[in-house]
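J.: One letter stands for each residue in the lines below.
Number of protein chains: 2
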Amino acid sequence: MSERQLFIRACWREEVERTPVWLMRQAGRYMRAYRRIRGRHSFLEMCKNPRIAAEVTLQPVERLGVDAAILFSDILVLVEAMGMRLEFHEGLGPRLSEPVRTPEGVHRLRVPDVERDLHYVMEAIKLARKKLRGRVPLIGFSGAPFTLASYVIEGRSSRSFRFTKEMMFSQPEAFCALMEKLTTAVIDYVNAQVDAGVQALQIFDSWAGCLAPQDYEQYVLPHMRRLFSEIEARGEVPVIHFANQAGTFLEKVRLAGGDVIGVDWRIPLDEAWRRVGYEVGIQGNLDPLALFAPLHEIERRVRDVLDRAASRPGHIFNLGHGVHKDTPEEKVVALVKMVKRLGAR
Amino acid sequence: MSERQLFIRACWREEVERTPVWLMRQAGRYMRAYRRIRGRHSFLEMCKNPRIAAEVTLQPVERLGVDAAILFSDILVLVEAMGMRLEFHEGLGPRLSEPVRTPEGVHRLRVPDVERDLHYVMEAIKLARKKLRGRVPLIGFSGAPFTLASYVIEGRSSRSFRFTKEMMFSQPEAFCALMEKLTTAVIDYVNAQVDAGVQALQIFDSWAGCLAPQDYEQYVLPHMRRLFSEIEARGEVPVIHFANQAGTFLEKVRLAGGDVIGVDWRIPLDEAWRRVGYEVGIQGNLDPLALFAPLHEIERRVRDVLDRAASRPGHIFNLGHGVHKDTPEEKVVALVKMVKRLGAR
Chain A
601 MSERQLFIRA CWREEVERTP VWLMRQAGRY MRAYRRIRGR HSFLEMCKNP
651 RIAAEVTLQP VERLGVDAAI LFSDILVLVE AMGMRLEFHE GLGPRLSEPV
701 RTPEGVHRLR VPDVERDLHY VMEAIKLARK KLRGRVPLIG FSGAPFTLAS
751 YVIEGRSSRS FRFTKEMMFS QPEAFCALME KLTTAVIDYV NAQVDAGVQA
801 LQIFDSWAGC LAPQDYEQYV LPHMRRLFSE IEARGEVPVI HFANQAGTFL
851 EKVRLAGGDV IGVDWRIPLD EAWRRVGYEV GIQGNLDPLA LFAPLHEIER
901 RVRDVLDRAA SRPGHIFNLG HGVHKDTPEE KVVALVKMVK RLGAR
Chain B
601 MSERQLFIRA CWREEVERTP VWLMRQAGRY MRAYRRIRGR HSFLEMCKNP
651 RIAAEVTLQP VERLGVDAAI LFSDILVLVE AMGMRLEFHE GLGPRLSEPV
701 RTPEGVHRLR VPDVERDLHY VMEAIKLARK KLRGRVPLIG FSGAPFTLAS
751 YVIEGRSSRS FRFTKEMMFS QPEAFCALME KLTTAVIDYV NAQVDAGVQA
801 LQIFDSWAGC LAPQDYEQYV LPHMRRLFSE IEARGEVPVI HFANQAGTFL
851 EKVRLAGGDV IGVDWRIPLD EAWRRVGYEV GIQGNLDPLA LFAPLHEIER
901 RVRDVLDRAA SRPGHIFNLG HGVHKDTPEE KVVALVKMVK RLGAR
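Order-wise, the sequence lines are chains A and B.
Each residue of the first sequence is one higher than the one before, starting from 601 at the first, in our numbering.
Each residue of the second sequence is one higher than the one before, starting from 601 at the first, in our numbering.
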């Protein structure tokens, strides 16, 4: 029982026997078992088929022995449910048809009925919980409103966020209306995931780091506070807030909310934790590319992260970003073993 | 005379009558005069033709009235001079043939004879100086060794720096040898630019921000210290050190060297300056995408940057990154006017 709940107890900053570990994008292309399924199905088919999504969700639990499973899905299925057409093109990433850049476009987006429109996600959660048989907790997730907004506005991933920022700066009311609609959708979505059985949540703000701290505070933070206060009011499951590349304004990320703050590798873990304060947990933060190093070098880096966490309650070991698709699978297996060995109290 | 040298005096942190301003990528596609020339010549042709390069260098001085010109060129011409084949493909960015990923590859790269191999750069500098007739100083530049190394290893721009980090972590000797060779080439290159007549230098470490602070310190900092100590030993011209997205480890960037530290918009200017210390100047740091905002909003942001600089000697107004190609030209003109008006003491 205690081993099973290690991850959840760490999220609540209880004392644990060893540091729990899971990895962002732990179900992914670096893994042979995943590629076998991916060879027969498109990425979106895999997300939308509850049997496949549940199967893939469990792969890293079986192969790596991680302390939590995370639902196999994509943050953009929520945006698709709001009425945009979503496609994934090999090597190019996602494409959303008719990007939203006007007040009318924002108005046309619908707040989805998540139980109906994302029924396949809820089914996948139920199936995954059944297959997990309580071995480890299941994490649900959503993109944060700003990250979703940037996809909705750009129609794809971007380096400059040219259209997102143009809308933010020159049509602030329309941008705010979009953020409100997305925030409501995210709240409904994560609540439905909790109803379906997820035992923890992670909010991915993958693109928050493109913003000046002042703009994050003005245009993003109020929506994030609403999101977290509504999730926390319900209070059933711990919430991890991962804002990528936000190392220069972690204090504001902390203000937004979350029981655990996820950090990338661009800031040492001890500095990040000191800055967000010890009243929240911390998740991270090995550079995913460190998995291309020899084992002794990986071990040196794992020790460094653990040393910086200093056995303080509330540390969850993870990478600073998702596992890279070219990562040698054996290295990922070795990493999890290492953390379990070195992270024992 | 004093107006002419405003930029240089600010680099040396002398008291000035108003904050000087120039913009990264101030000669570029957002400008009609530039596009007229670009319509008839490829980007590399423009870099390699001293007459065209000098003409384009002067365009923003005439159109915007900025306080410094920066040589029109590209950081990758140095790598081409080391023996790699360089191409630019519309919308795709640079491509280098046969990326270097082995000790043999590093060995084959030659340290260029910059006076000979990059003769066209030196010619462009001399021509630009002549055409400027002392109106404003001319800035020369180079990519920093790590940024150049990442192009040499990846063969193109990258999001993950998969091959760069793999080489750094698993072939540290070969990576170090590459950094040494590039550092030597950069030193020769900027010295030759000073000989040819540039009156200030900027070192662009565009990709430093992909690294963990610990890795920057171990694999990059020693080379940067050599670079800056050799430039500073000569001591003729001020050097601006711009490390993009390095907001979480600005102290280490400062340790590397430079008379002025350039910062992106992901950190408030006052916080950045406090962290690097007031013994160096600071350059920045308006989000380039702010130029898509209405004028009153641009003005609010310009005031904010100037307020944070607090008229302390050593502030050079700039964007936090290059001007975006889609920026309305009129907004750029207005920005420079605004800074000149609001930055008066």
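Simulated from the structure, these hints should not be mistaken for lab results.
The reader is advised that the hints may include incorrect statements.
Said to hold, decoys possible - With the Cβ distance kept under 8 Å, some of the chain B side facing chain A (calculated, not the full set):
| no. | residue |
| --- | --- |
| 1 | Arg638 |
| 2 | Gly639 |
| 3 | Phe769 |
| 4 | Asp870 |
| 5 | His924 |
Unchecked claim - Subject to a maximum C-alpha distance of 25 Å in a straight line, what follows is the list of computed SDA-like cross-link-like pairs (lysine to any residue):
| no. | chain 1 | residue 1 | chain 2 | residue 2 |
| --- | --- | --- | --- | --- |
| 6 | B | Lys852 | A | Glu897 |
| 7 | B | Lys931 | A | Thr702 |
| 8 | A | Lys925 | B | Phe763 |
Heads up, the beta-carbon is just placed ideally off N, CA and C, and yes, glycines get one too.
J.: Verify the interface restraint on B:Arg638: the C-beta must sit less than 8 Å from at least one C-beta of chain A.
T.: 19 Å, violated
J.: Should the hint that B:Asp870 touches chain A count as held when the rule is a Cβ pair under 8 Å?
T.: At about 11 Å, which exceeds the 8 Å cut-off, the nearest Cβ of chain A leaves the hint on B:Asp870 violated.
J.: Quick one, are B:Lys931 and A:Thr702 close enough, alpha carbons at most 25 Å?
T.: 21 Å, holds
J.: Can we keep the B:Phe769 interface hint, with Cβ of chain A closer than 8 Å?
T.: 4 Å, holds
J.: Let's test the interface hint: is any C-beta of chain A closer than 8 Å to that of B:Gly639?
T.: Cβ of B:Gly639 sits 22 Å from chain A, so the hint is violated.
J.: Take a quick look at whether A:Lys925 and B:Phe763 sit within 25 Å of each other, Cα to Cα.
T.: The given pair, whose Cα atoms are some 13 Å apart, holds under the 25 Å limit.
J.: Should the interface hint for B:His924 be scored as holding, given a Cβ-Cβ cut-off of 8 Å against chain A?
T.: With a closest approach of 6 Å, the B:His924 hint holds.
J.: When you check the alpha-carbon spacing of B:Lys852 and A:Glu897, does it fall within 25 Å?
T.: With a Cα-Cα distance of about 22 Å, the restraint between B:Lys852 and A:Glu897 holds, given a limit of 25 Å.
Checked against the numbered hints above, the structure breaks hints 1, 2, 4 and satisfies the rest.
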